[in-house]
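Asker: Letter by letter, the chains look like this.
Protein chains: 2
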Amino acid sequence: MTRTITLAQGNGGEENRALISGLFFRYLGNEILERAEDAAVLQTEKKMAMTTDSFTVSPIFFSGGDIGKLSVCGTCNDLAMMGAQPKYLTFAVMVEEGFETRKLEKIVRSIKKELAINGAKVVSGDTKVLPKGAIDGIMINTTGLGALSVEGVSVRNLEMGDAVVVSRDIGRHGAAIFAGREGIELESEIASDCASLWPMVEKVIANGVIPNAMRDATRGGLAAVLNEWVEASDVCIEIDEGSLPICEAVSGICELLGFEATALANEGTFVLAVRPENAERTLEVLRSFPGNEMAAVIGEVTDRYPKRVVLRSEWGTKRFMELPTGELLPRIC
Amino acid sequence: MTRTITLAQGNGGEENRALISGLFFRYLGNEILERAEDAAVLQTEKKMAMTTDSFTVSPIFFSGGDIGKLSVCGTCNDLAMMGAQPKYLTFAVMVEEGFETRKLEKIVRSIKKELAINGAKVVSGDTKVLPKGAIDGIMINTTGLGALSVEGVSVRNLEMGDAVVVSRDIGRHGAAIFAGREGIELESEIASDCASLWPMVEKVIANGVIPNAMRDATRGGLAAVLNEWVEASDVCIEIDEGSLPICEAVSGICELLGFEATALANEGTFVLAVRPENAERTLEVLRSFPGNEMAAVIGEVTDRYPKRVVLRSEWGTKRFMELPTGELLPRIC
Numbered sequence: 001m002t003r004t005i006t007l008a009q010g011n012g013g014e015e016n017r018a019l020i021s022g023l024f025f026r027y028l029g030n031e032i033l034e035r036a037e038d039a040a041v042l043q044t045e046k047k048m049a050m051t052t053d054s055f056t057v058s059p060i061f062f063s064g065g066d067i068g069k070l071s072v073c074g075t076c077n078d079l080a081m082m083g084a085q086p087k088y089l090t091f092a093v094m095v096e097e098g099f100e101t102r103k104l105e106k107i108v109r110s111i112k113k114e115l116a117i118n119g120a121k122v123v124s125g126d127t128k129v130l131p132k133g134a135i136d137g138i139m140i141n142t143t144g145l146g147a148l149s150v151e152g153v154s155v156r157n158l159e160m161g162d163a164v165v166v167s168r169d170i171g172r173h174g175a176a177i178f179a180g181r182e183g184i185e186l187e188s189e190i191a192s193d194c195a196s197l198w199p200m201v202e203k204v205i206a207n208g209v210i211p212n213a214m215r216d217a218t219r220g221g222l223a224a225v226l227n228e229w230v231e232a233s234d235v236c237i238e239i240d241e242g243s244l245p246i247c248e249a250v251s252g253i254c255e256l257l258g259f260e261a262t263a264l265a266n267e268g269t270f271v272l273a274v275r276p277e278n279a280e281r282t283l284e285v286l287r288s289f290p291g292n293e294m295a296a297v298i299g300e301v302t303d304r305y306p307k308r309v310v311l312r313s314e315w316g317t318k319r320f321m322e323l324p325t326g327e328l329l330p331r332i333c
Numbered sequence: 001m002t003r004t005i006t007l008a009q010g011n012g013g014e015e016n017r018a019l020i021s022g023l024f025f026r027y028l029g030n031e032i033l034e035r036a037e038d039a040a041v042l043q044t045e046k047k048m049a050m051t052t053d054s055f056t057v058s059p060i061f062f063s064g065g066d067i068g069k070l071s072v073c074g075t076c077n078d079l080a081m082m083g084a085q086p087k088y089l090t091f092a093v094m095v096e097e098g099f100e101t102r103k104l105e106k107i108v109r110s111i112k113k114e115l116a117i118n119g120a121k122v123v124s125g126d127t128k129v130l131p132k133g134a135i136d137g138i139m140i141n142t143t144g145l146g147a148l149s150v151e152g153v154s155v156r157n158l159e160m161g162d163a164v165v166v167s168r169d170i171g172r173h174g175a176a177i178f179a180g181r182e183g184i185e186l187e188s189e190i191a192s193d194c195a196s197l198w199p200m201v202e203k204v205i206a207n208g209v210i211p212n213a214m215r216d217a218t219r220g221g222l223a224a225v226l227n228e229w230v231e232a233s234d235v236c237i238e239i240d241e242g243s244l245p246i247c248e249a250v251s252g253i254c255e256l257l258g259f260e261a262t263a264l265a266n267e268g269t270f271v272l273a274v275r276p277e278n279a280e281r282t283l284e285v286l287r288s289f290p291g292n293e294m295a296a297v298i299g300e301v302t303d304r305y306p307k308r309v310v311l312r313s314e315w316g317t318k319r320f321m322e323l324p325t326g327e328l329l330p331r332i333c
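Chains as they are written, first to last, in our numbering: chain A, 1 to 333; chain B, 1 to 333.
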């Protein structure tokens with residue numbers, strides 16, 4: 001294969017086929033993909049969940065992951081948040097002419113590794129090579145199809161008294177990308193939280209807890225999730241500021257740059273609304289996964305301020321947690 | 001809404017939500033999409049076909065279509081070629097900061113129109129806004145899920161004696177894009193063949209013809225399809241050069257620029273391998289659709305030169321039709 005990607009590798013001809021078989025099929029090949037023609041033929045259940053997302057990140061390789069891992073986690077996590085087991089993924093890769101082939105190979109290896117964690121297969125792909133300058137390196141779109149294992153998990157289902165649980169410390173992905181991009185030197189490196197959530201969701205459900213709602217706190221962070229929930233379920237969520245799990249390095253970045261950790265993106269952190277009697281069991285399950293040691297109950301669903309998220313400080317003061325606006329950290333996921 | 005797209009409209013916050021509800025939901029809204037959360041919940045059959053494709057075209061609006069129409073046709077056609085009825089589509093739009101909002105609206109209207117022709121629904125979407133210069137205008141990825149209406153349509157199923165049928169005159173999309181891009185003045189404008197094929201496939205099947213193979217002749221054109229078929233089915237295909245339907249304007253562009261019409265991309269033209277006794281009926285069905293008046297039997301499956309496509313000239317000479325290579329018309333679909 002050539003050292004860098006060429007336009008001819010994206011034109012539907014022989015070079016294109018060679019790239020697909022020599023790189024994508026080599027790592028991601030499976031029976032369905034290999035028998036696929038214009039489309040793959042799948043065995044499905046009666047009810048499936050489907051979602052799509054595009055990924056562009058700068059830098060492409062960051063502490064804790066890369067765009068390949070991100071593109072699997074992002075889409076599989078969206079399925080997992082509906083209580084669906086990720087089964088089939090499609091990949092559409094857009095790569096800039098001149099991109100290093102060994103970097104692309106590294107990305108494909110990350111994809112393979114993360115798919116295995118989810119137990120999902122690639123069933124269809126597309127590769128386009130764009131002329132130098134037409135895109136910035138590489139973009140990946142993934143669409144996922146998952147089998148629903150439970151029903152009714154929904155942003156509309158929050159109930160009075162629900163405990164609001166976060167699966168780990170927040171803000172890592174946004175902070176890691178920002179530090180990587182700006183070359184900020186830190187005493188301890190911040191790794192992105194980028195991770196697949198299905199194994200955690202599966203274990204929570206297997207332990208008899210069916211959350212009323214689950215959501216991964218990606219773009220817009222924890223603040224976006226909670227604001228969406230109060231709106232959709234017409235409730236109030238009261239959060240104890242002191243209970244928010246935030247690691248020191250993320251706190252540091254936030255102070256330095258004037259960000260709120262609650263507005264920073266995450267890529268392997270999710271929020272659950274569970275009945276209060278299930279909160280402890282949920283925490284136990286979550287904490288059994290490495291990285292989730294700081295899983296915490298951060299607040300509760302009330303009816304005090306309908307459609308608002310309230311942040312209660314340790315000194316008893318209250319303020320609203322707003323939906324993030326503006327151009328906060330675009331292009332981080 | 002702002003006159004041009006801003007970075008803030010892609011960041012997961014309020015502006016992003018406003019763009020999604022004010023533009024995408026306004027035109028593409030349906031019950032499934034409106035109830036979708038991190039993922040949409042779908043009713044599916046036991047066997048579904050799934051495919052993905054990314055679209056980037058310059059110019060974005062061309063004679064006969066635009067990137068919106070193209071992104072529906074491309075993916076729905078891949079499903080149709082497997083004998084699957086397009087049901088559910090996901091859209092991932094990547095748009096450059098500063099893109100005109102009314103152009104985006106025009107594209108979304110094209111999407112709506114073409115979805116209706118297929119009877120398909122958008123069930124999940126994603127919008128990313130990239131900084132000026134990071135992409136060239138707009139790119140769209142669509143993933144489609146379709147319900148198989150017949151089984152066994154496959155590039156591996158060609159049989160000795162099959163008639164090879166093309167649904168209309170070839171090379172229009174490639175020629176139209178090229179003419180549009182280079183500003184070539186022609187006596188008669190060439191419109192792209194860009195069209196949805198499911199209605200034609202549905203009618204062919206309803207008339208009792210189950211093709212052994214079907215393929216839309218997109219990137220790489222007719223030559224790519226036929227070469228893939230002979231390889232996969234281990235047969236020879238002999239094509240009568242004189243029977244190839246090519247309109248005058250496409251012939252003109254090819255002569256001018258030294259292209260073969262058989263290597264030019266199409267976006268609403270497909271090739272069928274049918275038993276010879278079904279050839280006439282297939283032609284009748286195809287010709288009943290406007291634009292397909294030139295549908296023709298162009299050759300047959302033989303065993304003369306295994307894995308090769310042979311072009312027989314009107315003077316009795318023969319040459320091989322090769323798989324296109326190189327950088328022929330990149331970025332046209």
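Misleading hints may appear alongside valid ones.
All copies of an identical chain are treated as equivalent in the list; a pair is satisfied when it fits inside any one copy or across any two copies.
Keeping only pairs whose Cα atoms sit at most 30 Å apart, straight-line, the calculated DSBU-like set for lysine-lysine is [to be verified]:
{"hint": "1", "residue 1": "Lys113", "residue 2": "Lys203"}
{"hint": "2", "residue 1": "Lys113", "residue 2": "Lys103"}
{"hint": "3", "residue 1": "Lys112", "residue 2": "Lys203"}
Think of the hints as simulated: they come from the structure by calculation, not from any bench.
Asker: Find the hints from earlier in the document that the structure breaks and name them by number, from lowest to highest.
Answerer: none
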